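Since chain S is already given, all that's left is putting chain U on it; use the hints.
Protein chains in written order, with this note's numbering: chain S, 179 to 1226; chain U, 35 to 558.
Mixed in with the good hints, there may be bad ones.
[To be verified] Anything over 10 Å on all C-beta distances counts as not near chain U; from chain S, calculated:
hint : residue
1    : Asp250
2    : Ile770
3    : Asp945
4    : Trp981
[To be verified] Calculated cross-link-like contacts (lysine to aspartate or glutamate; reagent style DMTMM-like; alpha-carbon spacing at most 25 Å):
hint : chain 1 : residue 1 : chain 2 : residue 2
5    : U       : Lys547    : S       : Asp1052
6    : S       : Lys288    : S       : Glu276
7    : U       : Lys378    : S       : Asp646
8    : S       : Lys826    : U       : Asp72
9    : U       : Lys528    : S       : Asp646
[Claimed, not checked] Chain U regions said to be covered by chain S (calculated; three or more residues, Cβ under 8 Å):
hint : region
10   : 375 to 386
11   : 487 to 501
Simulated from the structure, these hints should not be mistaken for lab results. Predicted model, so just to flag it, every value in this text is computed and none were measured. Heads up, the beta-carbon is just placed ideally off N, CA and C, and yes, glycines get one too.
The primary structure of each chain is shown beneath.
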Amino acid sequence: MQKNLYYKSLIFLCKNVYLTVLFIVLMGGFAIAQDQAGSKLVTGTVTDATTKEPLFGVTVTLKGTKTKVITDFKGIYSIAANSTSVLAFSSTGYNPTEVTVGGQTVIDIKLEPSNEQLKDVVVTALGITKEKRAVGYSVAEVKGASLTEARENTFVNSLEGRVAGVSVSGVATGPNGASNVVIRGITNMTGNNQPLYILNGIPLVNNNYATTDVGGGYGGKDGGDGIGDINPDDIESVSILKGAAATALYGYRGSNGVVLITTKKGKKGEGLGVEINSNYVIENVIDETNFQTEYGQGYNNAKPVSAADALGSMESSWGAKLDGSNTYQFDGVQRPYSEAAKGNLGRFYQAGGNFTNTVSFSKGFGDDGATRFSVSNLNDQSYVPNAGLKRYTFNQVTNLNLDKHLTLDLSSQYVTEYTKNAPNVSDAVGNLNWGPMFVPPNINITTLAGPNHNGTIANGNELNPFSDPYTTNPYFAAYKFIGAIHRDRFTGSANTKYTFDNGIFMGLALAYDYTNDRNTNVEPIGTGYLVDQGITGDMTEQNVKQTELNLDFTTGKKIKFSKDFSGDILLGVNYRKSIQEFLNASGQNFAIPFLYNVGNLENYTESYALNKEEFQSVYGSAGVSYKGFLYVTVTGRNDWYSTLAPGKINYLYPSINGSFIFSELLHIPNLDMGKLRFSYADVGGAADNPYQTLQTYSIQGTLNITNGIFPIGSAGNGQVPNSALRPSSRSEIEGGLELDFFKNRLTFDLSVYQKKVTDDIVPVGIDYTSGYSSALLNVGTLKYTGVELELGGQPVKTKNFSWDIHLNATYTKGKVVSLGGQPQITLGNEAGDWGANAYTQQVVGKEPLQIIALDPARDSQGKIIIDPGLGAPDPTLAQPKDFGSAISPWMGGINNTFRYGHFNLSFLIDGKFGGKLFSNTNLIAYQQGLSKLTLPGRDVLYGTNQQSAQAYYGDWQSANEGMFVYDASFIKFRQLIVGYDFDTKKLFNNKIHGLRLSFVCHNVFTIKKHTPNIDPESTYSASIYTQGLEAPAVPYSRTLGLNLNIKL
Amino acid sequence: MKLKNIYLLTTAFLMVMAVACKKELATTNTNPNAITGDAYNPNLLLTTVQLNYTGSTNFGGSAWATKWGAAACFIQHTASTNAGFYYGDKYLNNIGAMGEMFQDSYTSEVQPAVELFLLSANKPQYRNLHQMARIMKAMVFEQITDQYGDIPYFQAGLGYYNRIYTPAYDKQQAIYTDLLKEVSQAVDSLDENADKPTGDVLYSSAGDQIAEWKQFGNSLLVRMAMRLTNVDPATAKSYVTKAAANTMKSNDDNAIVQHQDGNQLTQNRDATEIFGNDSTDLRLSSVLVSSMKNNGDPRLPVVAWIYSTDANGNITSDTDPNDQLGMPPGFIVGGNNPQRDITKLDSVPANGIAGYSRLNNNILNTAAPTLILTYAETEFLLADAAKRWGIAGDAATHYKNGVLAAVTQLAAYGDAATIDEGDALSYYDNVAYDDGNALAQINTQYWLCTLMDEYEAWANWRRTGYPTLQPTNYPGNVTNGTIPRRLTYPPSQKVTNLTNYNTAVARLTGGDKITSRVWWDTAP
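Isolated chain S (complex conformation) (with noise of 0.2 Å):
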């Protein structure tokens, strides 16, 4: 009966691919008919041997039929068997026992510990175990368990500084931003840098749709990335593959590194199966800004003498000196002219508090398998006002073994997510947060809010202090714009393996991830600068539906040549298809005020997009191990893209991997293990985006006038397509160094790498008078060098104290060598409105990402030349100057672990060292007169030209963007979780089995940093095109709080 419904569940399997995604949601709760047979009833209690404790959740099976219990959480089972029946005991760790019944009913059995003790594992590609040992290159594990506590709303986030060679920054756009992850260095140029996430074997779709402008600086929004959907409580292990021969067998996508998630399974454990996890943070802003508070609004050290006059210059701090005076402010109202800025981030944002609770059931079958289910509900009510984030997510893993040679692996993620109004960063359009930071010392923000406490006025049009309308009242844009991200998402796998006698298995995996996205956009009715056009209200409606489906076939064979060679070899196959479709509706105009329904405008156009891609690869591996000493593993790979040139489409590359445990020929003493390792790998890329082949025509709207109907036509988008593209090439050598000592108190990791890419695949930035802003072109090659370590210690370990020491350290440095003849690329710039005019570029010669920011002209000594007329340099003179590359060289983190009794603490302190940081926020304080700098002679008039302060530091700003230029580096006491396990054997009888309450703070506070105003890791998108470019955007926050953790 039993085995019938597994035959059913199979044939239903296989019925249809694409059913089986269903079938796993089905398969979420299932629970397993239980065979009672026989004639009497036999019972008895099993302990350990040694400790003489119960046993809970030992397998007792019937031999020779399916038949089995478990024991209960005080070691007593009861089956029903014969008096020939033979009972086989089994647990993990413990020695199998077997007893034949007789005439016995009562069998108490002690287990005897099994000396053998579990091996050092792994996670490599393809979620495939392996001994440490065997593996020639560096791969770094995380446990789950350092990621829900002090947690983010995305988990890679809490990665920062925990692992070396992994940089992690969060970016600053709100509850539901995009993470910027980047092992070892930017390796492409241009495009995505950004990990292949695995989740249980899945590749997740990891697609940000940020609106934000990344290469002019004039604004947007960030909608969130894939990796953001992921609940911390349900990760087992995170696994990091970083060089390219971990990663050759995902092929070009795992280029740039690889994150395995793995997620937590079911097991049998002590009691129910049931984990409560519950977390509460509370979120304040972090008021880095020290501006002046001596000069107050105004223009040419003159404060407003009208309202009409108030209201052209709130974005100037030009005016007089503070004299408490009543003076006119925007609104008409006369305040005192005196500092009332001061706390305005404070007043603005205001205390976030994120809830989040996650349930699981984790249930075992013994031999059988075992499933959990998990669900989470998160609540972000976020420091930004208006904002917020909520997500359910529900997640199940259940591992089947069907017979001794089929198992069947089944996961599911359903994650459903409103994100409410993810704010707008950068310039200063609808971007709440430029306001609180830019008015000047006299204003106190909160009178920006207005009678109607959300930034309008009596008709319900924004209020604007701005003379320009695209300053949007920061009010008005918090409670009035919408941008709203509902997504729904689906992964869901299916795996089996049917492993035959002789050894031989065939595996057949199917993954499907699907998300659907529906961006809501609205510029509602009375926005400044829509009703200056006439415009009532506009609207977008965005819907994004992503899919991948990914088929794997694998077969290989574990095989014993003789007594001191074995090896292992394994075939596969893939076949992926991803498909993206736009649907947009967007227009102006709404006939009814207020109803914000795109069915309600006046003007009105839809439009589609549909993108595919298609990859099919075949790869293999091949392993030998000598002896237990010494392991070498060669790969293929052979991919075929369809987004390169007809002809050029393919790649074969190779990878060669291997260890030596030179401990078990040297005998040091306290060593147990030391191993050098070494590997090679060259790894093809393909081209980001599809459809970048041809010139491509199309019409982008039509022009409804009296003289008729015309589409209006376009040719291309802006880039130079290439009809010759072929795949780009990276190529990694690497070597290691690992040691542990007295018995893992010491462990010691050491990585080399160099690694070349070639040909990489460009969108160069071409002079706009060719028609285009870029031509894509195979021209880049770059070079990295990098040193990675990692330490662990247990300098204390006594029975009540412990202390745990974990330190880590990268060094990267990055050389662009070619640009196929080009002496730089130009990435972003922050040109915006504000008449900045620093870039990103890759520099021939220099390391990855270089700053360009505009520097006076010099005399021969160096020294700045002054203009007479001006007093100060002359802007027209200022040329282009490298500042230095936006990338840290030098990272890295130490996390400490005390316990001491049922307490623990824990701490990370983490730092990043020697990279650069263009501040669009610095520049714009200085150039409104808010900016201490500008504080000195403000009473003078400079040059002939007798020009004022406010002109003459107007100049040095246009002249001299490159003061804007920062250290970045920086030292955070990043995470703190002081914790205390109770004892629940003492408290509660056992009928809990674990009950955790931790304090936690995240972003405890800055240790270093050498950025004013600001904070040193603000970016304000995940994009290449932003990084090194700071601009206003959300401000940097702390987290306060509590985690509760209960077993049942």
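For chain U alone, coordinates are given in the frame of chain S:
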């Protein structure tokens, strides 16, 4: 064993399926959202070029940054106390903004113009379309070179076809020589018996589209040729003589791009950038308003109004010509220099800068048409040529035609802007032709007529020196109190096209400054 068989069968089935999907990957990479050039109707690009000639599609782009921020203020059609956005009012340096027109024109005008030109070439079915492409392309380039001088021309817009990524700058003389040749040849090649291009926003609904294009082309030729008045009068005369025989005959022949309200692409770009109804900080200049007031110009209540919004969002507007007040150029609000603080002026309105006249919503709104070349302008240019050189007919007649047409051409903006012939005639009496003062009269009227066509107004002033403007000397100005003669190249040229940029700058007397002059600008 049954289980094993099912497993193997399923695996085999799925493998076959995967292999069966192995089709040409190139097919997957064919963009389903667009088509290729050979299947494309280039008429669609003519629409694009004509629309984009009226202003860039780039948000925050050239309409504000150069047309209104610079040219309109230089030529004192407008004034502003906002020294940042409307830096041209005070001849301040805003090198980023000054380059916007250059930057935007190449990607949103030159690129589609070159595509249109090449896709329509040597195809009998597009014979007339190709001539229109040549005329529009020349018109686009003329506007860029007039602002900046030497610019990339022969190699420009060829990033895709010739893989030229850093085009060389050509001398303005060579550019003008080619522009005149192109337009002249195109007009001669227009063929009544060939295609009637459907993408033509200007004249596709006219009775005789091809005849209209010949007149339009000839009028453009007159305008281009007259630019060379001072630097190469011989060439100017020869082209004017050739073209004058068949230029526009009435306002019915005006080249007008209509706009559709609704989005960035189709609507009036001036209104998008400087805000249709209240144009924020931009005001009509005192030079313009007093000139109109002094002569009883019937256009004043149509093009100007005083407009304000109170704190509750209530709007008041006033179009009474007697109430109109232009803003004097060269002032700011407040500041520590009382001579430059507009609020210290005796003439300042009670409600401050809100009391100065703005561009009326009649002519500045998101659906307003753009008049890109008109009969009136052509008549004024012919009057200038006739007066100067005694060619192309009678100066007085051309002048009168011009004045009447310039007043009545506002009808293109709708009924509210329509001025009847009688009012135009009475106005003519106020400004009647005076042979002793003809060039000043003609070109002052040209200046009034080209309100909204700011680049053209500024270029003609540089050519003729008329009307007499009132330069200001605001502290920190970079022209020593003189009206600027050109725009500086965008600073990004130093990054993306440095060598060619340096070559071009080396040819400029005085360097890349707004006081340096373009080749044709040699008037005293």
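Open item on the list: Please list, smallest to largest, the hint numbers that this structure does not respect.
Closed with: 3, 9 and 11
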